[in-house]
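Take the sequences, apply the hints, and build the full model.
Residue numbers (the working numbering), protein chains in the order written: chain A, 596 to 853; chain B, 9 to 371; chain C, 45 to 340.
I should point out that these hints are in silico values taken from the structure, not numbers from a laboratory. Built from N, CA and C at the ideal position, the CB exists for glycine as well. There's no promise every hint is true.
[Claimed, not checked] Using C-beta positions, here's what the derived DEER-type ranges look like:
no.	chain 1	residue 1	chain 2	residue 2	range
1	A	Leu650	C	Trp130	57 to 67 angstroms
2	C	Glu160	B	Ala337	23 to 33 angstroms
3	C	His156	B	Thr97	21 to 31 angstroms
[Stated by the list, open to error] Among chain B residues calculated to face chain A with C-beta under 10 angstroms, some are:
no.	residue
4	Leu86
5	Thr88
6	Leu91
7	Ser227
8	Ala232
9	Ala235
10	Ile250
11	Ala302
Here are the chains, one letter per residue:
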Amino acid sequence: MDPLLEVRDLGRRFGGLLAVAELSFTVNSGVIKAVIGPNGAGKTTVFNLVSGYALPDTGSVRFRGEEVRGLPAHELAGLGMARTFQQIQLVPGMSVLENVLTGRHRHTRTGFLAGMLRLPGTLRESRAARERCLETLAFLGLADLADAEAVSLPYGQQRLVELARALVCEPSLLLLDEPAAGLNMRETEDLAGTIGRINATGLTVLLVEHDMGLVMNISHEILVLGAGRRVAEGEPRAIQRNPDVIRIYLGEEDAESP
Amino acid sequence: MTLRGRGLGFTAGLAVAVVSIQIAASAAHKVFYLTQLTMSAYSMLVVLGLVMLMGYAGQASMGQAGFFAIGGYVAAFLTTFDLAPRRDTLLVALLDRAHLLMTRPDGSGGSVTHIHPWAAALVAIGLAAAIAWIVAGPVFRLRGHYLAMATLGFGIIVHRIFLGSSYFGAADGISDVPALVLLPGFSITGRAASRVSNYYAAWGLVLLTLWMISNLIESRVGRALKALHGSENAAAAVGIPIARFKTQVFILAAVLAALAGVLLTHYNGGIGPSEASVMKSVRYVAIVAVGGMANLRGALVMGTLLTFLSLRGYFGSFDDLVFGGILLAMMLFAPQGIVVGDLWRRLRSTFSGKKRGDDGPAA
Amino acid sequence: MTLDIFLQFCVAGVTYGIIYGVVAIGFTIIYNTTGIINFAQGEFLMIGGMTAVTLQRYLPLPLAILGAVAVTMLVGAAIEVLFIRWLHRPSVLRMIIITIGVSIVIREIALHIWDEKSHALPHFTGDSVSAIAVAGAKISPQVVWVIGVCGTMVVLLGLFFRATPLGRQMRACASNRDAARLCGINTRNMVTFSFVLSAGMGALAGCVVSPITYVQYDSGTALAIKGFTAAILGGLGSTAGAAAGGLILGLLESFGVWVLPAAYKDAVAIAVMLGVLFLRPSGIFGSAEAARLREY
Numbered sequence: 596m597d598p599l600l601e602v603r604d605l606g607r608r609f610g611g612l613l614a615v616a617e618l619s620f621t622v623n624s625g626v627i628k629a630v631i632g633p634n635g636a637g638k639t640t641v642f643n644l645v646s647g648y649a650l651p652d653t654g655s656v657r658f659r660g661e662e663v664r665g666l667p668a669h670e671l672a673g674l675g676m677a678r679t680f681q682q683i684q685l686v687p688g689m690s691v692l693e694n695v696l697t698g699r700h701r702h703t704r705t706g707f708l709a710g711m712l713r714l715p716g717t718l719r720e721s722r723a724a725r726e727r728c729l730e731t732l733a734f735l736g737l738a739d740l741a742d743a744e745a746v747s748l749p750y751g752q753q754r755l756v757e758l759a760r761a762l763v764c765e766p767s768l769l770l771l772d773e774p775a776a777g778l779n780m781r782e783t784e785d786l787a788g789t790i791g792r793i794n795a796t797g798l799t800v801l802l803v804e805h806d807m808g809l810v811m812n813i814s815h816e817i818l819v820l821g822a823g824r825r826v827a828e829g830e831p832r833a834i835q836r837n838p839d840v841i842r843i844y845l846g847e848e849d850a851e852s853p
Numbered sequence: 009m010t011l012r013g014r015g016l017g018f019t020a021g022l023a024v025a026v027v028s029i030q031i032a033a034s035a036a037h038k039v040f041y042l043t044q045l046t047m048s049a050y051s052m053l054v055v056l057g058l059v060m061l062m063g064y065a066g067q068a069s070m071g072q073a074g075f076f077a078i079g080g081y082v083a084a085f086l087t088t089f090d091l092a093p094r095r096d097t098l099l100v101a102l103l104d105r106a107h108l109l110m111t112r113p114d115g116s117g118g119s120v121t122h123i124h125p126w127a128a129a130l131v132a133i134g135l136a137a138a139i140a141w142i143v144a145g146p147v148f149r150l151r152g153h154y155l156a157m158a159t160l161g162f163g164i165i166v167h168r169i170f171l172g173s174s175y176f177g178a179a180d181g182i183s184d185v186p187a188l189v190l191l192p193g194f195s196i197t198g199r200a201a202s203r204v205s206n207y208y209a210a211w212g213l214v215l216l217t218l219w220m221i222s223n224l225i226e227s228r229v230g231r232a233l234k235a236l237h238g239s240e241n242a243a244a245a246v247g248i249p250i251a252r253f254k255t256q257v258f259i260l261a262a263v264l265a266a267l268a269g270v271l272l273t274h275y276n277g278g279i280g281p282s283e284a285s286v287m288k289s290v291r292y293v294a295i296v297a298v299g300g301m302a303n304l305r306g307a308l309v310m311g312t313l314l315t316f317l318s319l320r321g322y323f324g325s326f327d328d329l330v331f332g333g334i335l336l337a338m339m340l341f342a343p344q345g346i347v348v349g350d351l352w353r354r355l356r357s358t359f360s361g362k363k364r365g366d367d368g369p370a371a
Numbered sequence: 045m046t047l048d049i050f051l052q053f054c055v056a057g058v059t060y061g062i063i064y065g066v067v068a069i070g071f072t073i074i075y076n077t078t079g080i081i082n083f084a085q086g087e088f089l090m091i092g093g094m095t096a097v098t099l100q101r102y103l104p105l106p107l108a109i110l111g112a113v114a115v116t117m118l119v120g121a122a123i124e125v126l127f128i129r130w131l132h133r134p135s136v137l138r139m140i141i142i143t144i145g146v147s148i149v150i151r152e153i154a155l156h157i158w159d160e161k162s163h164a165l166p167h168f169t170g171d172s173v174s175a176i177a178v179a180g181a182k183i184s185p186q187v188v189w190v191i192g193v194c195g196t197m198v199v200l201l202g203l204f205f206r207a208t209p210l211g212r213q214m215r216a217c218a219s220n221r222d223a224a225r226l227c228g229i230n231t232r233n234m235v236t237f238s239f240v241l242s243a244g245m246g247a248l249a250g251c252v253v254s255p256i257t258y259v260q261y262d263s264g265t266a267l268a269i270k271g272f273t274a275a276i277l278g279g280l281g282s283t284a285g286a287a288a289g290g291l292i293l294g295l296l297e298s299f300g301v302w303v304l305p306a307a308y309k310d311a312v313a314i315a316v317m318l319g320v321l322f323l324r325p326s327g328i329f330g331s332a333e334a335a336r337l338r339e340y
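Given below as structure tokens:
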């Protein structure tokens with residue numbers, strides 16, 4: 596297994612607060628890796644630093660062998676990183692299909708002039724893009740909602756639409772920011788199955804999550820953060836028994852109990 | 009009815025309206041109405057660009073009149089500035105060799121040698137595009153209030169330059185602008201004999217622009233614009249280069265405004281500094297708002313109506329108050345401009361209710 | 045440049061500058077309590093000046109000014125109640141366009157109530173040719189009035205915010221509206237009061253400067269732009285910064301006449317505005333954090 600994402604000595608300060616410090620970890624190709632930690636541990640900051648939404652103060656980020664630290668989000672998307680957001684960011688006024696179609700942006704080429712004049716190639720390209728998006732929607736069980744207004748759907752389905760949008764980018768690394776937030780137990784179970792199916796097609800997944808059930812269920816590896824630093828990293832069962840991990844979640848006394 | 013079907017229906021209806029109005033006006037010997045409708049048409053070019061920029065891409069611009077004025081003034085200047093005294097200079101000699109000069113009688117009995125209107129038009133529009141490109145970079149690093157103020161500031165600077173400079177006629181503007189010859193026997197000019205042909209030329213251009221902008225909005229680019237309006241984070245996440253797109257849309261809107269400026273200046277035979285004023289920019293924004301922000305057809309219909317009434321003097325000294333009041337009312341009560349869209353839909357379903365059972369009972 | 049010409053420029057700069065400062069403070073007060081930039085700010089000076097001119101035909105000057113300030117404060121309250129208060133989470137774009145619309149409507153109504161001519165109050169003391177000699181320069185007594193009245197207003201405002209319960213409540217509201225509400229402060233009234241305060245200050249400034257600059261139905265627009273420039277120059281959100289920004293802008297404009305043709309005097313303010321927006325949006329005294337616009 597080769598490393599898809601290598602993070603070394605990542606650091607970021609916000610004013611007086613050291614959000615992330617000396618963080619190093621690797622995400623190998625084909626795994627599902629979860630990043631967990633108590634509130635304020637820096638999980639979302641790490642996500643933003645890796646995916647181009649915040650600039651690291653120190654450290655390096657290598658994606659597919661190339662240094663990508665400091666590149667803006669849209670360029671990272673072009674290199675093969677796709678992400679979803681903790682607060683769903685779908686475009687109002689567009690249907691589910693149209694929202695997902697925005698994900699095909701990097702794989703299509705119709706520009707201003709071609710768009711205005713409806714040049715011949717555009718129709719073909721548009722149809723191919725639509726088919727690809729409908730396939731992905733079907734894969735996620737949303738096929739019959741393609742023409743519904745995206746922001747009027749129930750929360751759980753909106754999350755799936757965002758997921759579909761990320762998938763049609765054909766990324767090599769999928770970053771999921773708290774995908775189970777706001778989902779009920781049933782929806783979370785379905786999500787676990789979906790992430791599993793996505794991973795089975797070969798897509799590497801890095802997720803930030805609070806729902807321990809989901810995390811323990813699907814992850815191959817877990818990275819535990821505390822106060823912006825690495826506390827532990829390893830397989831789910833080892834993490835569950837790790838006293839340092841228990842300590843940062845529950846406090847001193849319980850670290851001793853079995 | 010599909011989205012495309014509805015669009016074609018509107019275009020067809022508009023074309024029919026354009027022709028019927030012309031026939032009616034000619035029959036009633038009120039052909040001068042066509043003059044004001046022609047001028048309104050050119051203003052609508054600015055509006056269509058602004059709908060795309062503000063309504064779809066979500067970027068406020070309080071300075072579109074500035075680009076209109078750049079187009080109009082540069083075209084006016086180049087086609088009235090007499091190069092004859094400078095015949096011996098290298099530049100003028102080159103222009104002459106390239107067949108870019110023309111000589112014509114001027115309004116006061118003499119003659120003037122100036123750059124050919126076609127070349128002047130291209131320079132004017134090109135300059136507007138270049139300025140838009142330069143301005144876009146710093147402007148789009150701003151957000152919200154600051155972005156609007158920066159575009160407002162741009163418009164004011166353009167206004168001050170044209171108002172203050174003697175090259176551009178200061179407060180009097182530039183007049184004696186010649187016709188723009190499009191085809192042998194047909195040119196953009198305000199002469200009474202060409203009224204009908206100019207009317208069709210202007211409205212034909214508006215319909216063509218409407219078609220092109222509609223296509224753009226429904227294409228990949230349109231989706232990218234809506235995405236960046238809806239959520240810049242999400243747009244970045246799918247690889248849309250936000251800054252580049254904003255700049256391109258801004259340039260397109262500027263080009264449309266400048267084109268309108270060029271054509272209207274040749275039609276009117278002149279231009280004055282009021283075309284660059286803040287109130288003009290505000291009017292364009294008011295029309296976009298009253299049409300429903302992201303509604304090309306609504307803005308076109310309402311904009312033509314309001315501009316025509318304004319040109320005919322219906323609002324009297326309350327002209328600015330009307331546009332300011334409309335802007336205020338729309339933004340307070342109906343920022344989405346439901347009125348026009350709903351009205352149109354209701355009208356249509358009234359007439360098609362009998363044929364299509366699935367549309368439900370007529371409104 | 046000789047000393048007395050230099051002083052003339054300084055005096056002119058400070059006179060106009062302090063007016064811009066008052067407008068800027070008005071912007072800042074409203075921005076701090078609501079997050080809105082009130083483009084109709086300049087109209088308050090215009091309404092104050094024009095109303096006073098009308099009233100002083102029937103009343104002695106001090107009463108006319110008082111009446112004008114009261115009327116303008118009512119207008120300020122009316123704007124807030126009619127156009128701002130009942131909006132539910134409006135977008136920034138919508139708010140911008142609304143206040144622009146309000147300023148246009150006010151301006152056009154003023155045109156129809158009064159006329160398009162320029163008007164002025166009589167000089168408070170002396171007349172248009174009386175002059176006080178200061179270090180070789182001749183300044184009009186009205187200039188002393190302007191600097192005195194506006195300067196006093198600014199100082200009193202500072203004391204108000206620091207020492208009175210109402211002022212402290214407003215600062216709390218500006219700092220964190222939700223926390224203020226939880227403390228029992230009636231934030232809605234704070235918002236209305238901020239409009240009333242800005243309107244009143246603007247009206248008084250408009251009255252005291254009208255003998256020098258005259259006032260007409262469209263005076264408000266240019267003042268709003270310059271006041272906005274002064275506010276962001278000083279760092280949006282700080283009343284002290286607004287006052288300082290006003291003075292700096294006034295001086296830049298005044299000395300700008302030395303270099304530029306008079307027709308481009310207004311361009312100085314625009315150039316400064318664009319300079320601040322593009323180069324240092326947080327202004328001279330502001331922080332990068334404050335430069336992030338607040339939400340309404």
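Right, here's what the structure says about each hint:
The beta-carbon spacing between A:Leu650 and C:Trp130, approximately 41 angstroms, falls outside the hinted interval of 57 to 67 angstroms. Checked against the hint of 23 to 33 angstroms, the C-beta distance between C:Glu160 and B:Ala337 comes to roughly 25 angstroms, which is consistent with it. The given range of 21 to 31 angstroms is broken by C:His156 and B:Thr97, whose C-beta atoms sit roughly 53 angstroms from each other. This hint is violated: B:Leu86 has a C-beta 27 angstroms from the nearest C-beta of chain A, more than the 10 angstroms allowed.
The interface hint given for B:Thr88 is broken, as the beta carbon of that residue sits about 33 angstroms from the closest beta carbon of chain A, more than 10 angstroms. Given hint, B:Leu91 at the interface with chain A, is violated; its Cβ is 35 angstroms from that chain's nearest Cβ, farther than 10 angstroms. Hint on B:Ser227 holds. Least Cβ distance to chain A is approximately 3 angstroms, under the 10 angstroms limit. Nearest Cβ of chain A to the Cβ of B:Ala232: about 6 angstroms, under the 10 angstroms cut. The hint holds.
For B:Ala235, the interface hint holds, since its Cβ comes within 10 angstroms of a Cβ in chain A; the closest pair sits about 5 angstroms apart. Because the beta carbon of B:Ile250 sits about 7 angstroms from the nearest beta carbon in chain A, less than 10 angstroms, this interface hint is met. For B:Ala302, the interface hint holds, the least distance from its beta-carbon to any beta-carbon of chain A being 7 angstroms, beneath 10 angstroms.
Checked against the numbered hints given earlier, the structure breaks hints 1, 3, 4, 5, 6 and satisfies all the rest.
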